[in-house]
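Colleague: What follows is the residue order along each chain.
There are 2 protein chains.
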Amino acid sequence: MNERGIIELLGSMTAAAAPDLLQGIGDDCAVIRKNSRQSWLVTMDTLVESVHFDRNWHPPDKLGRKAVSVNVSDIAAMGGIPVFVFLSLGLPAGFDAGWLTSFSRGLAEACREFGCILAGGDTVRSPAGVLVTVAVIGEMPTRQVVLRSGAKAGDAVWVSGYPGRAAAGLELCRLGRTEDPAFAGLAEAHLNPQPRLELARRLAENRLVHSMMDLSDGLATDLAHICTRSKVGAVIDPAGLRMDPLPAAAGLLDKDPDQWILSGGEDFELVFTAPARHSAAIVDLAARLEVPVTRIGRIDDSQGVRAARPHPDGNHAVEIDISFSGYDHFPEPR
Amino acid sequence: MNERGIIELLGSMTAAAAPDLLQGIGDDCAVIRKNSRQSWLVTMDTLVESVHFDRNWHPPDKLGRKAVSVNVSDIAAMGGIPVFVFLSLGLPAGFDAGWLTSFSRGLAEACREFGCILAGGDTVRSPAGVLVTVAVIGEMPTRQVVLRSGAKAGDAVWVSGYPGRAAAGLELCRLGRTEDPAFAGLAEAHLNPQPRLELARRLAENRLVHSMMDLSDGLATDLAHICTRSKVGAVIDPAGLRMDPLPAAAGLLDKDPDQWILSGGEDFELVFTAPARHSAAIVDLAARLEVPVTRIGRIDDSQGVRAARPHPDGNHAVEIDISFSGYDHFPEPR
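Chains as they are written, first to last, in this note's numbering: chain P, 1 to 334; chain U, 1 to 334.
Source of the hints: derived by calculation from the structure; they are not laboratory data. Each hint should be verified, as a subset may be incorrect.
Copies of the same chain are indistinguishable here, so a pair counts whether it falls within one copy or spans any two.
To be verified - Distance condition first, Cα-Cα at most 20 Å in a straight line; then the derived EDC-like pairs of lysine to aspartate or glutamate:
| id | residue 1 | residue 2 |
| --- | --- | --- |
| 1 | 231 | 188 |
| 2 | 34 | 205 |
| 3 | 255 | 180 |
| 4 | 34 | 8 |
| 5 | 34 | 20 |
| 6 | 34 | 139 |
| 7 | 34 | 198 |
| 8 | 152 | 328 |
Required output: the full structure, derived from the provided sequences and hints.
Modeller: As structure tokens, this is what we get:
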């Protein structure tokens, strides 16, 4: 059973309607009606040591920040703003008090930066390694909520930033190859990702996008989620995302940069789809916020996600199905 | 640094006020204003394999139930009702699909029983053992919220059920001594605790209590939390709680039943304080709901929690300070 299978099983067993639940399982956040105009957004994510991070090279303050950031990114993906943070922290016996102080400082700093406050949680002992679960409650006007299910044939597909950087950074950290300052930004993309809160909020507020989510499992998988829920397909060309220093790092480590771009996880950039007539407004907004955005393809009325690659004859492109080829915590044997 | 120290550190670093946050860190739930009359309650708890449970003898459906129940118990402790459930599930590679199906069935059943629905969450890989974090959002009228900080000198101290049963049950499960049907209820208290949702809701609705919390770390520690936050003290006599089959199990395992009663954790019973004039109403309500309640002591204007024990001369009682002598995930060396 892979990750989607687990989520489908849980969803099928517990499916139930509630008048105030506007969106349940299946999007970046649950959406709960607060009043006639506003909704709460709720998301929860767990970071597990030796799966998501390694204390040997993850500075504790950056881990504290990241635990907040990855959840704030889910709030951003709907177009909302974060308000309350809840932390469940698992610590091994004999943990280092200095480590905890630094972790807490990073978490507090991220809360302040994103305008939210720690409102509760619990601490437990962990038999091995640190466990960090954070839940964030956000808020936004209900009519501005951007779901995964709104993509329409003809939409342009956009991404913020340069996906693949976090996967490259993780590989550099793993191999201890972080000495070259040219690659510092890649390591930082893994250690301390920046949620695109302001860009997402303005895209939603100005009704510029039809669908949006954040990139946690890789572009190929996350865009496939948008396509499945919107009952559309997508064709993308990753060429525009091969931005230095990613190709240089790929060369150094003998990796395929497109693999990082399409299947690398945990970038916490945004992927969104928008009517072509909004392209100029999107470019203008992103420029004002100094966030790079790249138009990487289009939505059509097929199914799945295909990547356009140049044919060896050099005269035309071929399309390869890459749906759900990103990160899966529970990959099935092929 | 012990468990209270960790929570104080996190609280001090992130302390911030928010207009809608009526109660932050330090009670069973955070309380968030929903509208002029209603509030949301938010709680989150993690169950870690080999710390909180053992898959070798914890049936997966009961574990699924318990993950919901322990959080519903926090909602109950404020006087609220649960509405939305969020699950973050960590599973080891190669987990058993049948185990997951049974776990999910138990979780779904508990959600139905308590009238709440699974609204979101995530799944991650765990390097070793199952990790279950559940967050629950509940709701209630703001003016009925019962905090830990409301106890007043002169209040009677009450507990529901018979604390110590879960600790005894855990010990029986650990030792594989669950064959005797006389002890089945003790094992069940650990494997499948029942939150006192209805009793707590009616106590709050009828304004019968000044303070309330649920028993997760043991009576001595949890009542000490009420005393600290209410700036009062308490004297209790555990004799009224020595109820069969607890003393028999203690005899079998050569344990002190009072140790289980005062320091055993995870009973998810209620401890509450109430003006003496409400005693008859409390007894009457509990009888109608068929929940045992026992008056175990009184609140005074001292500090800490003391247990009354008979003096060896048989003529008078001595009081022993037992504050915070319950379960601590991070005990400090004495």
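Colleague: Work down the list of hints and note, for each, if the structure agrees.
Modeller: Taking the hints in turn, this is what the structure says about them:
In this assembly of identical chains, residue 231 and residue 188 lie within 20 Å of each other by CA distance neither inside one copy nor across copies; the values are 35 Å within and 47 Å between. Taking the closest pair of Cα atoms, residue 34 and residue 205 come within 20 Å of each other only inside a single copy of the chain (18 Å); across copies the shortest separation is 23 Å, beyond that limit. When the C-alpha separation of residue 255 and residue 180 is checked against a cutoff of 20 Å, the pair qualifies only within one copy, where the shortest distance is 17 Å, while the shortest distance between copies is 61 Å. Taking identical chains as interchangeable, the C-alpha atoms of residue 34 and residue 8 are never at most 20 Å apart, the minima being 27 Å within one chain and 31 Å between chains.
In this assembly of identical chains, the alpha carbons of residue 34 and residue 20 lie at most 20 Å apart whether taken from the same copy (8 Å) or from different copies (12 Å). For a Cα distance limit of 20 Å, the shortest separation of residue 34 from residue 139 qualifies both inside one copy, at 9 Å, and across copies, at 12 Å. For a Cα distance limit of 20 Å, the shortest separation of residue 34 from residue 198 qualifies neither inside one copy, at 22 Å, nor across copies, at 25 Å. Within a single copy, residue 152 and residue 328 get their C-alpha atoms no closer than 26 Å, and across copies no closer than 54 Å, so neither meets the 20 Å cut-off.
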